Amino acid sequence: MSTAAHIVHTGLLTAIGIDTASCLESLKKGKTGIGKANLLQTHWANDLPVGEIGLTNRELAKHTGLSESHPRTALISAWAVQEALSPFQKMRKGLKCGFFSANTVGGMDITESVYHRIKKRSDELYPNEIKHHECGAVTEIVSNHFDIHDFVTTISTACSSSANSIMMAAQMIEENMLDLAIAGGADCLSRFTLNGFNTLMILDHEPCQPFDNNRRGLNLGEGAGYVILMNEKAMKQCDAQSICIVSGYANANDAFHQTASSPDGIGNMLAMSEAIKRAGILPEDIDYINLHGTGTANNDSSEGKAITTLFGNNVPKASSTKGFTGHTLGGCGGVEAVLSTLAIRDGLVFPNLRWQNQMEDVPWKPVTELQSNQRIKHVLSNSFGFGGNCSSLVFSKL
Amino acid sequence: MELYINGIGVLSAAGISSKESFPIEILEKEVSHLTCQEPNYLDYIPPMQLRRMSKAVRMGIGAVKLCLADASIQKPDALSVGTALGCLHDTENFLSKMVEQNEQMLSPTAFIQSTHNTVAGQIALLTGSNGHNLTFAHRGHSFEHALFNAKLYLNQHANETVLVGGIDELTETSLHLLKELNVYEKTDRKPSDMFIHSTNGSIAGEGSSFFAISRTPSFQSLKIERLHTFHTLDINQAKEEIKQFLALVPKPDTVILGINGDVRTQEFYDELMDHHFSTIGCAGFKHFCGEYPVAGSFAIAMAVWATRKEMPQGAWLARPSKSVKQIVVINHFLHHFSCWSLSASK
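Chains as they are written, first to last, in numbering that gives the first Met the number 0: chain A, 0 to 397; chain B, 0 to 345.
In case anyone wonders, no lab produced these hints; they're calculated from the structure. It should be emphasised that the depicted structure is a prediction, and the values quoted were computed from it without experimental measurement.
Straight-line C-alpha distance at most 20 Å; calculated SDA-like pairs for lysine to any residue: (1) A:K119 / B:T170; (2) A:K95 / B:L151; (3) A:K95 / A:E174; (4) B:K96 / A:L39; (5) A:K130 / B:R263; (6) A:K89 / A:M234; (7) A:K232 / A:I242; (8) B:K242 / B:E224; (9) A:K30 / A:E368; (10) B:K96 / A:R116; (11) A:K316 / A:V361; (12) A:K364 / A:G29; (13) A:K376 / A:I280; (14) A:K95 / A:L84; (15) A:K95 / B:H227; (16) B:K189 / B:G14; (17) A:K130 / B:T172; (18) A:K95 / B:Q243; (19) A:K276 / B:A157; (20) A:K118 / B:L105; (21) B:K185 / A:Y125; (22) B:K238 / A:D149; (23) B:K321 / B:R307; (24) B:K242 / A:H148; (25) A:K235 / A:M90; (26) A:K119 / B:T172; (27) B:K185 / A:R120; (28) A:K118 / B:L176; (29) B:K238 / B:R225; (30) B:K96 / A:T41; (31) A:K118 / B:E102; (32) A:K316 / A:P282; (33) A:K316 / A:E283; (34) B:K74 / A:H256; (35) B:K185 / A:P126; (36) B:K222 / B:E1; (37) A:K95 / B:M0; (38) A:K130 / B:L174; (39) A:K118 / B:S95.
Isolated chain A, as found in the complex (with noise of 0.2 Å):
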């Protein structure tokens, strides 16, 4: 018997705010956590703006409980299933509990500090700094600290990772494999990904302007976000109230470049086109779309083009919310999850900032002030990423 994966709480950590509430203040507000990096120890910190979070590996360790010798990733990604678990963590005895985690960094900001010492093979104790290299370590730091043990699993599909956690986690709980799930991701900000995506020449040196004609690239940005997914038994339980439910999900590949999208976004019209269809419902049904919007001149015109084919002269307001987090990498699908769900909660269209000129290839524009008293039932979200890895997924209001 199949049931609904119902968001019932949430968790964020990002530039614009330590927690779900103040990260929504700053969206009313359009207060943009874009900015100089303060933290990040890097050559490029006067010429790439970031997102950071202004909050430092001791403060998160006190805040979450863990070391402050754990990779950054690990750090942020608590804080934010801390937040998003901690109204049931005493309620949730004797259900079946997942956490589905992404990352792409791993414990790279840890690894990168200490590589000189590798590559010399000194004998200063490296070892036990780099244990939490991989992925997966990252998820198991946070899954040990929260007691979460039936199922945790870690995926890493680049900018569409946590979408992907979510599709996941949303599954299995559909078939009443578990009962509830944590499902998202986190990514802190690195040297290895600044300059590996400044190599790639698509960073903006100024605030980023997605889906404008003039925009520059993206900016980085690190963040956590993460939803409480729970079937009816589990909600009972713990006494949650549904906000709303995963509702659709698709992943598609773009099978074009390793990088770039294909001119007419395949991949993205394939993972929206199905993820609505898996909602049981059509393109005109959308009240929203949050965007992937990067702010590259290849993402934008891709998915422009794709959301034009798909919706026709019926575009729904749109909005790219990296204006205010920067890009996450393997958060953003979670981090973007959240906020889908306040849309629908709140009733909310969240402006896309710094948007000035009409893009060419793109016929619609994105929506530019915050609008609020809206009836926003069903909303799309997409997440697209290196090795043509796209996902949608569909939330909807019961």
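Given the structure of chain A, go ahead and fit chain B onto it with the hints provided.
Chain B alone, transformed into the frame defined by chain A:
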């Protein structure tokens, strides 16, 4: 679980699979690690692309090509891949230059190919596969979780075929670090000795195995009846989990065990052999492929071959089975355990 394996493709240190043969070379000398053998890729990868591909990506594509041929299919409907460590070589390549050159004058190629999903992405590119495409990076369960995902996908797409694979590459640095962390033994040893005496750590390996998975059998299928995974630091809990698993599955005629020559798990496997499998055929596989996070995928391919043709002679540890029809596979990588029940009966 009711899934069928309708084709296999294997690249391993013991050789490369084909429709007629399964890799069975065992190195009879002392080695520091086992290196995956590779086919001539030029038959299906353009030379320009091949030159830029890391070993992890090449191994993935190579095993996929063998698997598609074995299953007689042109293009997979979906891909589900497990790789605990991802594209280590390209990751280190970029990292090394970034540190040495103080974040200056870097080239993007290695970075582009450093993400875990590079393998699945390149397979999609080369096979023109627009379908579902996932990559799991969850330590010693990466491959098993890729199979769980295939199950979830096939529940909603009943008539399709998913390619499920496990890939991990070994690099000079990862070998060094994993020896320092006592995952692998520091001194050289003979692979076949791992069943005779155990040491502090196993022998490192690498490889790539792919499987064509669907809900309907073909003429040469092996059925996956049940898969159970668990993570524990407590060996007694592991024994208990396995006892419970064995109570739920048909009595096997053959067991394949992930004995890896590491003293820390030797007693665990000895006890399994004495208590649960004292009358049936017992086989090992890590002397063929070495120890790595997705080595369990080699064992599953070996099980397919054993039911289709025969168990490789060098695999038997005790009581070679006259006929291999009902198999249990028990494997571990560090603290991640997996138990499989496989059946050749239709």
